[in-house]
Each structure stands twice: as structure tokens, then as C-alpha cells.
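Colleague: Chain residues, written in single-letter form:
2 protein chains.
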Amino acid sequence: MASLSPLINELVEALTILPGVGPKSAQRLALHLLEKDQSGAHRLVGMLSKALDEVGHCKKCRNLTEKEYCPICDDAKRTDEQLCVVETPAEVLAIEQTGFKGRYFVLFGRLSPIDGIGPEKLGLDQLKQQVVENGVKEVILATNPTVEGQATSQYIQQMLQGSNVLITRIAHGVPLGGELEYVDGGTLAHALAGRKAFD
Amino acid sequence: MASLSPLINELVEALTILPGVGPKSAQRLALHLLEKDQSGAHRLVGMLSKALDEVGHCKKCRNLTEKEYCPICDDAKRTDEQLCVVETPAEVLAIEQTGFKGRYFVLFGRLSPIDGIGPEKLGLDQLKQQVVENGVKEVILATNPTVEGQATSQYIQQMLQGSNVLITRIAHGVPLGGELEYVDGGTLAHALAGRKAFD
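One line per chain: the protein sequences are G and R, in this order. Counting in this note's numbering, the first sequence runs from 947 upward without gaps. Counting in this note's numbering, the second sequence runs from 947 upward without gaps.
Watch out, some of these pointers could steer you wrong.
Note that identical chains are pooled: a pair holds if it fits in a single copy or bridges any two copies.
[To be verified] Cut-off 27 Å, straight-line C-alpha distance, at most; resulting in silico cross-link-like pairs (DSS-like, lysine-lysine):
hint	residue 1	residue 2
1	982	996
2	970	1047
3	1083	1142
4	1023	1067
None of these hints come from the bench; they were simulated from the model.
All chains, full assembly: derive it from the sequences and hints.
Modeller: Written out as C-alpha cells, the structure is:
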């Protein structure tokens, strides 16, 4: 946009790194921050730079936190017996909504040799140590149902064989409210293969 | 969210000042900034704090810029004869898309006695001075078609009476592609009253 000043243009461009924000919305955000809510913008700058400086990984589950341990690992009321393995922090939040009361382990990715992501990057040694040391009875594999996600789960399952823990995988099938007609073939095949006795 | 660390929660809250960003999207943005694009996040902090420090108002049209004059006022190729009065910088960008090649004057608001916004806050003295000094031949009033926007236009029209400039108002009517059936009564009344000979 030649009609915006260079510095504002640069701000617009910096805002397009946000997911779901294209050039047009970035423009709207930039003008809002500079024109309508400067105090909010100052606060955002402060919080974001503080968070970038201080937030690291939980020593136990690897989730994002500015403390040594995240609030979930710190919560004595939760059970150590179930450990749910997910790929990202956002997935922890998603599973939290189900009322799950166990612990988590966040991989921050999935095995992907082509991108140079091997077991060490996902902290799988640390995962194994957690399972052995913390009295985990069930490891719930909740990686995404993609090729790499499935491969990651398989790898973890093999790694933990012999550790005397139950290893489970979350169910894949037709989503509630989903109509069979609109469900893709792969999901439907999973749903059929995973059928259970009607009770 | 008890499952997010306090600092991340504060960042989420700071992000909800963005227009169109609710708690859920703010969470997604926060995790994206901290987890997936830290370099982009650092860049955003830098640009936003720089813009907050340096961006002020163009001396001529009051639009946002970090320089003395904005790129539009600085552009010698544009005509001084037409001056378009708008409420916000975003509206400058909207009108730029029509190919308008005149100048602008940005009010940064509209007359609203109840909010304590009078003529001096909108820089109307400065507007008058521009009109007189810069050889403006036509002032195009493009304030929004709200009660305050209309009142603001009316005020400006009265203020400029006797300055020997043509004062026009952008047309209001049925939008292109709009179906009469779905257009509100006020707009339709405007469209009827503003009818023109068919040529």
C-alpha cells in the first residue's frame, strides 16, 4: 500500500505472521493498535516481550510455562497414573476440556525424518524416564491421525514395550454429529475397523 | 484457563484487545507466537513498539505517519483541487481503492457532544485553513452515514460556506449487487430521494 507510511506498512507485515491474519486484516489490526487502542497496544508489547523472554518448557511435561513446572504438573490433585501424549500445547487445552484428570507429555512435533525431527527432538528419552519413575499405569497416545502422528505413536509404543504399562490410543472414527455421507473414506474405514459390540 | 501458566494467560488477555479476537483465538495466537514463530513474535514486538513510539499525525491531513507528511500529502502527482474528508485512516485506504487522486483530511472521529468531541478535537480549524490555503476547489464529505457522521458533514458544510469551494457529499443509496428486498428502509428512502434522470 503506497498510501500507508513505511513504518505502518512494516507493522502490517509483522502482523501477518499471526495465524489466520492476511494483509487486509493485518491492516485493520495495525490501524486499530495505533489509532484506537494505544494503551492496549503498549500492554501487548510488554506482555509479549515478557512472555518471549520468560516462557520456557515445563521440566516434567515439556509444556510451555514461565515456571519450573506447569500448573498441570504442579497440581497434586491430578493422578500420575494416566499420561496423555500429545503433539502441541493447544492439544493439551483441547483434552483438558474433556475433563481428563491425568498428566500430559507434550512432544512439540512428530517424528519426521525428512524435516530432521528424530526421537531426541521430541524428548522421547524424557518421556520414557517419566513413565518409569512416576508410577504411570497407562500411556494414552493422542498424536494426530496423520501419517507422521501415527508413526510417532507406533515408535513410542515400541519404545515403551516391556515397561509394564498399558499403552492405549485414542479412538478414531465418525465424529459426533457427523453424517456418514460427508465423512471421508479413511475415517470411515477406521470407524468400521474399530467397531464394537452394541451394548 | 487453569491449565495455562499465569504469564501465558496474561498474554492471551492482552491479545483480546485486537478487534475480532475473542478468548479462544487469543489463546491460539499466544501459543502460535510462543511455540511456532518466536522470531516473528520478536519482530512483531519490535515493530509495534517502534510504531507506537514514532507514528504521529501528518501535519497536513492528520493521517497516521512517522514522518512530517504522509505519503499521500507528499505525492506531488496528486491534485490539490479535491479534498476528501473522512473519519478514520481505514477510510482513506477504502477510498484509495476507487482510484481517487485528490488529497484527504482525516477527522479521527465525528462530532459527538455526549462524548466531549467538539470541532477542535476533529481539527476543523486546520481543515478550514487547508481549504483556504491550498487551492482546494472541491471538498468531498465522506463521513459515515450515521447521525453523528451526517451532523459532522453538516457542520463542515456550514463552516466552509463563503469559502468559494464546491462542497459535495458522497452518494448514499442501494449498494451494487444489493437486492432491494434486503435493503433497509432508510437506505431505500435515500436512494429514492437521490434519484437521477436515466441517460
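Colleague: Each hint should be assessed against the structure and marked as holding or not.
Modeller: Hints, verified against the model:
| no. | hint | result |
| --- | --- | --- |
| 1 | 982 - 996 | both (23 Å within a copy, 17 Å between copies) |
| 2 | 970 - 1047 | between (42 Å within a copy, 22 Å between copies) |
| 3 | 1083 - 1142 | within (24 Å within a copy, 80 Å between copies) |
| 4 | 1023 - 1067 | neither (30 Å within a copy, 57 Å between copies) |
Hint 4 from the list above is the single one not met by this structure.
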